[in-house]
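Chain A is already provided as a structure; the job is to place chain B on it using the hints.
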Amino acid sequence: MTDVKQPLRLRHVVWLLVGLALVAAPHIERLPWWLTGLVVTLSTWRVYLGHASLPLPGRWLLILVVIGATAGVYFNYRTLFGRDAGVALLVVMLALKLLETRVLRDGMLLIFLGYFLVITNFLYSQTITTALYMLACTWVITTTMNGLHYSRREPPVIARFRAAGVLLAQSTPLMLVLFLLFPRVTGPLWGLPQDAYGGATGLSETMTPGSLSSLTLSDAVAFRVKFDGNVPSAKQLYWRGPVMWDFDGRTWSAPRALYGTPEFTAHSPPVSYEVTLEPHNKRWLFALDVPGKVPPRALASADFQLYAVQPVNNRIRYEMTSFLDYSYGQVEDGIAIRRALALPAGFNPRTAAFARELRAQHQNDRALIQAVLAKFRNERFFYTLTPPLLAMDHPVDEFLFEARSGFCEHYSSAFAALMRAAGIPARVVTGYQGGEVNSLGNYLIVHQAEAHAWTEVWLRNEGWVRVDPTAAVSPLRVESGISAAVPRTDPLPLFVRAEFEALRQLRFTWDLVANTWNQMVLGYTPERQRLLLSRVGIDDATWYSLTVVMLCATVIIIIVLSAVMLRHIRSRVHDPVKIAYLRFCEKLQRAGLPRDPAEGPVAYSRRLAGSRPDLEAAVTAITRLYVDLRYGSVPEGAELRELRLRVRAFAA
Amino acid sequence: MYVSFRNQLYNWLFQLRGPEAGVIVLVQRRVFILPTGHGVIFAGVLLLMLTGSINYNLSLGFILTFLLAALQVNAMIYTFRNVANLRVSGGRARPVYAGDTARFTVNLENRGEAERYSIGLTHDGKTAEFIDVPARATATVQAGIPAPRRGILRPGRLTLFTRYPLGLYYAWAYLELDMHCIVYPRPAPPGVPLPPALSSAGEGSERGQGQEDFAGLRQYHRGDSPRHIAWKVAARDQGLFTKQFSGRSDTELWLTWDQLPHRLGIEEKLSQLARWVLDAHATGVSFGLRVPGKTVEIATGDVQRDLCLEALALFEP
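Which chain is which? The protein sequence lines are A and B, in order.
Under the numbering used here, the first residue of the first sequence carries the number 21, and numbering increases by one thereafter.
Under the numbering used here, the first residue of the second sequence carries the number 208, and numbering increases by one thereafter.
If we strip away everything but chain A, and leave its shape as in the complex, we get (with noise of 0.2 angstroms):
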């Protein structure tokens, strides 16, 4: 098409809605019903003028409804800024924009914008899978602009899929360039928007009985962390998260970080890993108990949690050493101790009157904490994802003396709140306990199905010691995994389940390449990008000199790719007869005695003989070998070599 104003045609206008359909789609589960309703309604209206030959609908008609999509989308979202409903306007002012979609400038206009609603979908999901599909449709998108730009006859789709998957196929070289060398900062830029992040799951700073159980059927993967040397036993893999100070009968929570040199005392030499912490939009860093050391951009409080200074929104990856036979707290402050007895009055009088009797019959701490076990070993409680619905009075009372079922958090909590009732300080901690080693990365991960909950004592002399009552009830959970202490009958999510090993194995492949891509692909940060440079020998690299680097392979590339690609265009001549001929008639023509374009070898030959006398000889000879090479039977070979040579001898 010559003209920007070059009228579409409704074969084009169906090929921009359906790739701009397809970039929407998985948008539609974010977006509210009515608009997703009036977007496919406005789209078929299009096709449906366009299918008539009638006109499109004026311009009042749609600022009438740009003013009513707006103002629903304000009355959705409650504002016009910010992710979702930015997303939410760019979608419906897209299907405007095809509902005035009349020339090809309007196209051009669309392409772009499906580009970047393209770019929109990564707000969301930047898995492999999301990456392919966007892929896809961009490959439909370019289709489809190479497809407006066919003046005469379009050639059939296949051919044009061909060619848009050409155009990009070779565009992937200077994007991988472009992609690790260009200087990168640490976004943003500016504030984000307040929903920017969002539907990460993990921790809260909040446990109530009940609140982990939607995260132990989460799939999702917390964490992924690889250890320099073995990964240590099962029974230590305590992953310190929220610690939770107070109680006020029903709810545990942290209170705000007390921050403070946490000190402690190590049994044993450090263990060295690293952890790659998916986001949930919480400042807690995960590490075992007890972390030896603060990451970068982090600070640690007193009972050895970890905040990361910006809630974790993105992928982060830190280094860490821990220890884990240690001890610590063996001085603690009035003020804490006083904090880890507290017990709202009233609460639970049956926990209560059962402490004054525990403690009655031990006076020895550490005694009285086994009775405790032994009691959650010996007797009727059951270890349960599914346990039944406490009441809202006295949820410890219900737990202890009647229902007796539950899990980590639910025994966490009654063992800590009895601990108080019989005077000895105790705190709940919260975090992940174990994880899963996939043998084909050599690597553990950590899922969210992994949240655990158990809790930490003080005892005189020995300061803060880790008692897991969970592990008392069902040793299983602590030893081979929450898959093999539930009940068969209870829901985890179908992975975490062990029976079925092909799919498991499936299942470590899969992971595998999703933290190669994650550790590649998506945690491609500065650090990154200055090691991968030192290693190729550019040391301390600046802004500049990785623009300079960048630049150069770009015009390299570029280079390259016109090479191959102008090759096509040169007529290519493979016959050796003719290029000596050729080059021969090039000498001549050089000495001002072209060839005529419709003049034969042998005429030529003649012309030319009759006004260059001096040269007769040496063209008379050429030609003849050229015309028997030529028309004649001889066999190639000497007479060729003979050509050759006379041509290169000829000198006009």
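Calculated directly from the structure, the hints in this document are not laboratory data.
Just so you know, not all the hints are guaranteed correct.
[Said to hold, decoys possible] List of simulated lysine-lysine pairs, DSSO-like, C-alpha gap at most 30 angstroms:
# : chain 1 : residue 1 : chain 2 : residue 2
1 : A       : K117      : B       : K333
2 : B       : K333      : A       : K25
3 : A       : K313      : A       : K302
4 : A       : K255      : A       : K313
5 : A       : K255      : A       : K302
6 : A       : K313      : A       : K246
Just chain B now, with coordinates in the frame of chain A:
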């Protein structure tokens, strides 16, 4: 001063050397390329996407942005390749009458292995003819150029261009082909009867006004026989004309400058002569043309008609 400098710059930059004979090969130096408006907008969208990717730390956003940026670079090479190395030569242009559109034929030869799509040819940048040139093939495209005046019309600078494959770039080459088209004077409306013919045998027959052969039409005069009225023409609502008939080749008809009234201007005289040439050709008589400085000897047929019209077209007072 400025204008002349600019012209020199243009001539150097675009290698404008005046009409060239033979085959023009569009070597790299002859092909120019610039982004289109869409190309600029696309680059702007990419910048926006890059900013978004940095702000939201979207690795896949970076990948998409860079892929599209590479696509834009790639498209530039494609667009350039689409016209580069074409072999262009001027074909014939059929003579036209003044006021018509001359159609200059341009042959495009593609000796390469890649098909060239959507190659446009334009002379004014407004209207264009498009053509695809398959691999190892030649295609023909025409540039229509209005011919307002009689004489020789040269196509001037033609532009061969393309926006294929994505419309992000505009690649073009200027063609100054050594072509011309002869523009005949526009024939005057029919009506003025042919001048009297002379008998070639010298028998003094006035004009071969006979009954045998159709010789042309003239305006209807009162008293003409209804049998001779050209009813078919009348049925087309073109007015009443009377058919004239003549005897044949024994008559010679000279169409000369001084047979026309003096009050007519030069161009009007040429128009009238052109009309007479057409009328005489239609009657089939032998005719000749005599204008100041040029004489076309008596003959018949299409060649004679074209010779006479050409003489009128090239007439210089």
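Exercise. Of the numbered hints stated previously, which ones are contradicted by the structure, given in increasing order?
Worked result: Hint check: nothing fails, all pass.
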